[in-house]
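As given, the protein sequences belong to chains A and B, one line each in that order.
If you read the first sequence in this note's numbering, its first letter stands for residue 1, the second for the next number, and so on.
If you read the second sequence in this note's numbering, its first letter stands for residue 1, the second for the next number, and so on.
Hints may contain errors.
Just so you know, same-sequence chains aren't split out, so a pair can sit in one copy or run between any two.
Stated by the list, open to error - Subject to a maximum C-alpha distance of 25 Å in a straight line, what follows is the list of computed DMTMM-like cross-link-like pairs (lysine to aspartate or glutamate):
hint, residue 1, residue 2
1, K251, D139
2, K135, D252
3, K7, E54
4, K153, E130
Simulated from the structure, these hints should not be mistaken for laboratory data.
Residues per chain, in single letters:
There are 2 protein chains.
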Amino acid sequence: MIIIGEKINASLAGIKPIVQERDRVSLLELAKTQAAAGTGFIDVNVGTGVGSREDEIVSMQWAVETIQEEVDIPICIDSADPAVLEAGLKTRNGRPSLINSTKAEEKNLGQVVPLACQYNTPLVGLAMDEAGIPKTVEDRLRACENISAACEKHGVSLETLYFDPLVIPISTDVKQGLVTLNTIAQIKRRFPAAKTVMGLSNVSYGMPGRTRLNAAFLHMAIYAGLDAAIMDPLDEALMGAVKTAEVLVGKDRHCRRYTRAFRD
Amino acid sequence: MIIIGEKINASLAGIKPIVQERDRVSLLELAKTQAAAGTGFIDVNVGTGVGSREDEIVSMQWAVETIQEEVDIPICIDSADPAVLEAGLKTRNGRPSLINSTKAEEKNLGQVVPLACQYNTPLVGLAMDEAGIPKTVEDRLRACENISAACEKHGVSLETLYFDPLVIPISTDVKQGLVTLNTIAQIKRRFPAAKTVMGLSNVSYGMPGRTRLNAAFLHMAIYAGLDAAIMDPLDEALMGAVKTAEVLVGKDRHCRRYTRAFRD
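Whenever a hint applies, use it, and build me the whole structure from the sequences.
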């Protein structure tokens, strides 16, 4: 499992001032603790919800530059704005990165997929289009087909694509957990070369016992074929859930990662 | 999910003397606590591993009679010996029961499946044959096909059949967790009218953190399509895992069972 550390996200209350005030020490602390916890990528989202596009571009340059000066870890450049994505990619200057993300929407695909090609960087594709997140597995797969077609058109290999099936809180519609899980399973069947990625915490929004739900959903998603998760790598319950699920589905060959973690 | 309480099993160290010494009070205590915990069936296995076939028959009659005098709950009559199964069924005298079990082996099928028909009682069919537990999903499904064919021959409806995919410890072969889970999913696809049942604790045999593994495996199995589990209904972690998995796969319509359990 590839863990994408989610903590550097300026839409979170505690992170917004770090970005706005260019708080280098706190930013690096967030990057270093996540790296030490076994994160494969550090997600960087500097969208504060206020300020201009230019602000977000400059913030992305600052955050990426600050992190890569001291922490040698792949960065997941996270923005809905292709110009911000490109600013991050330019600052990375060829270092390992992940573009997060494109929707299955013509204009968005036409701007973001070429970046994946030009910067030779893997890409997250969201199973949603201009109409929002589809309610059914079939419609989410149709969105994935559109992303796949755009990648083929722009010469981006499916092997560098991470499909995100998207997660809707079960508190709003109790059938949506199963829709996400079945979308993962179907993506793995239809696009065996591609990977899957998911930000899971949304599933438990509005429910009690969120960690319990998130961990159980992670178990199920890993069985369904999840390759990567956008999550808090400092959450020991979730990191334990990854190791537990992986040993149960045979991805921990000699049970060593699991046994090392839970020997006591 | 149907919970089949596993605690009355004379192969367990603490239970053997209860059966041998006809300890009515302890037997009823085990039945009553399991019933109070929300068990759908109480499993009764009186095979002590010593003594004759006649001993096991008399023990089964005693145990079933003792329980049904005071506890009004379906009993899962558990033995590898068809004569013991029939003794239990006769003692039940038409009360709700479950026959546990037949293997996909000609002689066993020829003796046990007619009991399911004659006593109009649902039946557990194990995905194994004379050669033991198959290592692959395909071979386990072949065993299920043989059980299904015997049921058809003897006029036993698939709706009253519980297929048990069987569980081999991952400590002996790390790929076997996935084989069991994929067998469940394939059974649900190939025999949509039938149910699935599993005794899950075997998966974690020889590993540290067994409850953690059992709960995670239960999450995955419920997503794969598990309908019933043979387990300890007094294990709060496992009973919580059932409620958590069910709400995530949309089987707890208004999230009420989950919310009632984990509100605090």
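Under a CA distance limit of 25 Å, which applies to K7 and E54: within one copy, between copies, both, or neither? within (23 Å within a copy, 66 Å between copies)
How do K135 and D252 come out at 25 Å by Cα distance, when the copy is not named: within, between, both, or neither? between (34 Å within a copy, 19 Å between copies)
When no copy is specified for K251 and D139, does a C-alpha distance of 25 Å or less occur within a copy, between copies, both, or neither? Only across copies: K251 and D139 sit 22 Å apart there, 30 Å inside one copy, limit 25 Å.
Indicate which option fits the pair K153, E130 if close means a Cα-Cα distance not exceeding 25 Å: within, between, both or neither. within (20 Å within a copy, 55 Å between copies)
Hint compliance for this structure: no hint is broken.
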